[in-house]
Structures are given as structure tokens and as C-alpha cells.
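Chains as they are written, first to last, in the numbering used here: chain E, 1 to 403; chain U, 1 to 403.
Quick caveat, the hints were computed from the structure, so don't treat them as lab data.
A portion of the hints provided could be inaccurate.
Stated by the list, open to error - The calculated lysine-lysine pairs, modelled on DSBU-like cross-linking and capped at a C-alpha distance of 30 angstroms, are:
| id | chain 1 | residue 1 | chain 2 | residue 2 |
| --- | --- | --- | --- | --- |
| 1 | U | Lys171 | E | Lys304 |
| 2 | E | Lys319 | U | Lys319 |
| 3 | U | Lys217 | U | Lys52 |
Stated by the list, open to error - What follows is a set of in silico ranges between Cβ atoms, one per label pair, in the way DEER data are often shown:
| id | chain 1 | residue 1 | chain 2 | residue 2 | range |
| --- | --- | --- | --- | --- | --- |
| 4 | E | Glu285 | U | Gln156 | 29 to 37 angstroms |
| 5 | E | Gly323 | U | Ser241 | 52 to 60 angstroms |
| 6 | U | Ser50 | E | Tyr62 | 55 to 63 angstroms |
Only a predicted model underlies this, so the values are computations on that prediction, with no experimental measurement involved.
Note that the Cβ used here is the ideal one computed from N, Cα and C, for glycine as well.
Protein chains: 2
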Amino acid sequence: MSAYHPLTIEEAIAIAQGMDGFFPVDANLSCREIGDGNLNLVFHISDNASGKSLIMKQALPYAKVVGESWPLTLDRARIESEKLILEGELAPGLVPVVYRYDPVLALTVMEDLSSHIIMRQGLIAGTRYPLFADHISTFMANTLFFTSDFGMNQQQKKLRVGQFINPELCKITEDLIFDDPYTDSPNNSFDPAIRDAAEALWNDGALHFEVAILREKFLTNAQALLHGDLHTGSIFATPESTKVIDPEFAFYGPMGFDIGAVIANLLLNYAGQGHWIQDGNERAEFRNELLSTIIDVWNGFESKFRALWEQHGTDRLTKAAPGYLDYYLGRVLQDSIGYAGAKMVRRIVGLAHVADIDRIPDDASRERAQRLALAIGTELIRRNRQASSIGVVNDIVITANNS
Amino acid sequence: MSAYHPLTIEEAIAIAQGMDGFFPVDANLSCREIGDGNLNLVFHISDNASGKSLIMKQALPYAKVVGESWPLTLDRARIESEKLILEGELAPGLVPVVYRYDPVLALTVMEDLSSHIIMRQGLIAGTRYPLFADHISTFMANTLFFTSDFGMNQQQKKLRVGQFINPELCKITEDLIFDDPYTDSPNNSFDPAIRDAAEALWNDGALHFEVAILREKFLTNAQALLHGDLHTGSIFATPESTKVIDPEFAFYGPMGFDIGAVIANLLLNYAGQGHWIQDGNERAEFRNELLSTIIDVWNGFESKFRALWEQHGTDRLTKAAPGYLDYYLGRVLQDSIGYAGAKMVRRIVGLAHVADIDRIPDDASRERAQRLALAIGTELIRRNRQASSIGVVNDIVITANNS
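From just these sequences and the hints, can you work out the full model?
Here it is, written out as C-alpha cells:
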């Protein structure tokens, strides 16, 4: 079983049984493959008698997205496992515990989070997550600060940049987020009803200019080790608990890319809630909560990052320079707003969509949600470099809602 | 001779004799060690009969700067050799040809440039280099463009970032250029006569703010593969020929760091010329030529970079976005001006100085040159983010000269 091959159920069980001390020696393990088969095999292995269980995630040597298939490096399993372990050190309790990583099999054995559900599904169902902003802002402040030049030895950081060079998965982002939506690409996918809006994106030079700047920062700005794909489908949640999963897109990039992903996916849910919550008052309340969650996410991130900087900052000059941290965080905010916009736009006209909007069965409701998401997303992109407070997100949403 | 050890003269000759076809079989080779012994051994090996010669450069496992010694990775020889070979491909004729690289011995065998002299010495002697601006702007436009995301495959570029991660030599820059001069560091070295000016640097919060921004870009902004130490002591020149040497500081960083190094060192010579050229008219003419060389260096870089972008640009979105290249080059200009300032300041108050100024024997003349260089350097730093044309350098120099 040493060379790489996709595991069978039986092989997965055998590996679990070989993990000394995890399951009782005589456990009768059951195993289900619960992955979607697009990128990874995911085995859920459990022992009914003891109630113990774990997850095995094995990378497949290809990616399937919306029917297409292309080869994909197994090295992403190493990146995912190493990033997960690091996140567990920097933000304990906010990621699954990694029990074992097997580089040959591209296999990560980790904590079972079956008590949680994917946050995107929870939000679609109208679930409230009152602790989410606190949790995710801690996760981002800790993982971003302590992997940046401000929070770690700057020579060690350079080696870590090398450890997380991730060309193949970055290319997916570069193409699907920062290129295809802004041109008539065969990778795009959108409802024919909004073709006019898609074409408007292709012909908007001022928008391309802003996206070009965001794209360049994504390509060059090695601020911190990002999760790289921090949408609500990469988060397991309950109202009490938040667990960030799937960091296979990890690489050194601009902090705002992670923060923007969180903001964008809350806003995509906001746009979709025109359908999912039918009661007007309830819907308005839920949407307001989404907007205040966004503000809390940013404010939480900012205040926690400031506290870490004060207590653990390693860089003498930038720490001593008056006003520098304000300036720095101001630009992280702007990046977050810009990347949030880019991530909304691509979910409407690009290759990969989100259930919050795509699964709306009614054509007119879905189109309204799509147009609202595009209106918000493009405006976030247009105004990102002028933004001076997170309040601009609210302003943009209210304006888009009223137009 | 397989394990690393510093070569003797005899061993260097033996290696040269073993290079098939370079020297005649029966050549009677002579060899001199011509390095300064601070970082490398440099052997000049020649055959009088055939007139052929070459240079062998071997990295030493330590660095000595102004009497201090610290251990230093031999990996810098790999970086230097790989960067030199790449530069030879991208800017042929503007770097020495590499004949061989031996990773175990940390040894690079390369073209002998004894017909050239170190440009800094030439400038001190009042030599004019009418082709220099054209040559160095070609070198920078080609090496920077074709290693950036605009001029090469963006996934290959990420691998190249990894190939040129250079923590130890970057740390020298981070400390000596972006930290020590702005605090009372034991690494600093300056004439007691200008202690007031050094202390002013330590207490100038607005200056620290700008240096902090420049420092952060140096740490995070992987725009292109830089030479990393592009001062006039890293350039062999004749009035007809320019050869860039010693790229052991190579790493992925902001383009303006290389361009700024060239500008700074022309300006340091400018400041020193108050002493070296005694005749007032001649001095004024030479100084004007230095200033117009700076303008030609920037303009040459900009126009060549634009031409490469048009002909060889690989990035669809940034190429299609109206006004993006103007915006991008505007920021490269600002960075160049800021880094030029930082590189001037450190040569006056930091650890490593330049002969253009340090070797002025007369105390009063030397102090005048030092104060002029500091006045120009600090103003370049202060105004970098407002600069909209290379003409600002002229303005700053004229103002500093008149005050």
C-alpha cells in the first residue's frame, strides 16, 4: 500500500486500525466515502461502540469542476496538511486536529466534525451564527499576523514562502477569479437572463483597471500565509463553534484576499436571502445580521491584529514608525473590499457558483439575486481603493438594494 | 578536491587546466588571487602565450564587513551563478559569460573583464560613460520584465521565486539599509562631524514612516527577480561597454530597488564630485551629466519596458486594462526614488560606505559631501510617494545644492 493510489474503503479501514490507540483494538469500524469526488476522496470512519470517529482525506490526481477534468498535483495534500497543522498551532480550536499525514498516499487523517455542518448550508437555512465573527476574526488575525513579517522572524518567513509555493492552485484562482469573468471566456457560466450584465463586465475598462491591480497584488504581494479559499463552504459551523477546513489553496499573498472571501460569501448569502427567507421582517432581520457580522468580522480582525502587533510585533522599524500600522491596516481594509467584490462577481458569471444563489428554483428570484450580487460586487471593486472604513460595505449594499 | 574548501592557487590552476578547450593544452597558466577576501576568493587565471584568461570566483563561508565577520551561506554562489546565467540570456553582452558552476566548491568560472574597471573608480576619476544609461536601462528592463508576471508564465515565476529565496543576504539589506540608519545601532558608522545629522535621522518619525513602507515592499513585493545590489561597485565599465557583476543578493523584490540603486550611486558620486573635480566648470559639467544620466536611465527603462510589454506581455487582464501600465510604471518610479534615497542615506551613516565620499581626504570637503548626500537622500525618501516624474530628482538635487 506504499505507492500512491486511490484508497478503497477496506484500505482506509486498515489504515485507521493501524493508528495505535485511536480506536479500541477490537473495534468494528465502519467507513463511508463522503467526498464529492471532484478533488478528493473523503472517508468517514467510525466505531459505534466507542463513539469515536475520524476523517481521512485523500487528494486525487485531478480536479473536476462542472464536468471538466484536469490533472492536479498531489502536492496540494502536503500544503493542506502542513497549513492545517500550522493553523492548529496559531488558532487552536478553530480547525480540525490533524492526527496523521501520509505524503505518499497524499492522505490527511483528521478530526471528525460531523457535529458541524457546512456554514453555507446553515446560512441558506437561515441559521444564525452569533459567535462566527469573533471566531473567524481570531482565526484570520492569528494566522495572518504570525505568518507575516510583523509576527515572525523575517528570514524564517522567506523559507515558509518557499514551503507554500502553490502554482497550480493559484492558477485556478488567477484564471477563475481575476481573468475569466472580465472577458468572454469559455470557462464562464451564467444564466442567459443576465447576459447583458456579463457583457457589461467584459466591456468595463475602469473595472478592469481595478481588477488588474487586485490581480497583481494576488500575484506578487507575499504579506502572509493565506488560507486561500476562505468561503463559507470551507467552514464547518454550529452556532457555538467554527472550524475552518480545506486550506489546499494556501500560499503567501495579500491578507485582504482571505478577509474579502469571508465578506463576499456573507454578501452572496445576503443576495440569495431574497428567496430563502420568505417572511419580510425575518428576512430583513437576517440580512441586517449578515451586514453587522461583516462589520464585526473586520472590526474584530483589526482590533485583534493591533493587539498582536503591540504584544508580539517583531519588526523594529515598522513598529516604531508613527502611524504606520494605521496606514497598513487601511490598505488591508481596501484590499479586503476589493477582493470581496472580485469573489462575488466570479460566483455569478464565472465557472464555479454558490448554492446560496444558484439553487434558487424560481427564475425571477434567482435573477434578482444575481443582479444584486453583481451590483454589490462591482461597486466593491470600483470603490476599494477609496474605502476608508468598513462602513462602505453597508453603503454599497443599501444603494444596490434601492436601485 | 570534491568537498568544499577554499581553493589554493595551485588548485585553481588545476581546475582551469581541466576545462577542455578553454586554454591551449600545453598552456603555462599564471594565477593571482585578486579578491578583497571579505566574501569571496577571486582568481585571475591567464595564459600569456594565447592571451586567454578567465575569472574563478569562490564563495567563502563567512562575510567580513568593516572588521566584523559572520557566517554566510555558500548557497549564495548558486544564486549568483544561476542569476548570472539568466541575465546572460535576458541581457546578452551586459554580464560576464559563465563558463562553469561547481556547486560543491561554490565556484563560478566566468569571463575575465580585466579590460574594464569598476565603474565607481571610473566615476571618481571623472570618466564619462556616454553609453551607460542605454546599457543599464536595457539590462534592467530586460531582466525585470522577463522575470515578472508580465513577461513570463506566472506559474513558472512562482517556482523561480522559490529558486531565489535568499534569506541571509536579504537580511543584510534589511538591517543595513532599512533599519540601522534610523536608530542608534552599533552597526552604524559615521564621521563624528555629522553626528547631528545622524541623530536627526533617528528622531524623524515622518521619515521612519516612509522607510517603513519601503522596507515592507522590500520584504513582501515579489515583482521581479532583482540583481539586489546594483551599485556602481557591481558594474564593470569602459566608455563603450557595461558589465553587471556580483548578483549574489538576487531575490524576488520590487523593481524600484534595482533602479534606485543605480540612481543612488550616481547621486553619491555627484555629492563626492565637490572634491574630486577641482575645476568649477568641469565639475558642473560632469555633475550635469550625472543628472542627465539619471534621467536617461529612467526614461530608457520606461520606454524599453513599455516596448517589451507591448511585444511580449503575457498577462491578458493587466494588458487589456486601460491605463494600467501607466499606473504600474508610476509606482515603479516612486519606488525607485524612495529606494534611491534609502541607499544614499545608508552609505553616509550606515555600516558600509562608498569611496566616492569616504575617500575624500579633506575633512571639510568630505563633510560637505556627506551632508549633501544626506539632504538629497532624505528628501528622495520623503517625496517618493508624491513623485510623478523623474524630474523630481533634479529638483531635489538643485534645492539641496542651494541650501
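The hints, checked one at a time:
Proposed proximity of U/Lys171 and E/Lys304 is supported: the alpha carbons are some 28 angstroms apart, at most 30 angstroms. With a CA separation close to 37 angstroms, the supplied pair E/Lys319 and U/Lys319 exceeds the 30 angstroms bound. At most 30 angstroms may separate the alpha-carbon atoms for a hinted pair to count; U/Lys217 and U/Lys52 exceed this at roughly 44 angstroms. Separated by about 51 angstroms at the C-beta atoms, E/Glu285 and U/Gln156 break the suggested range of 29 to 37 angstroms.
Roughly 47 angstroms separates the CB atoms of E/Gly323 and U/Ser241, a value that falls outside the hinted 52 to 60 angstroms. Restraint check, U/Ser50 to E/Tyr62: a C-beta distance of roughly 59 angstroms satisfies the suggested window 55 to 63 angstroms.
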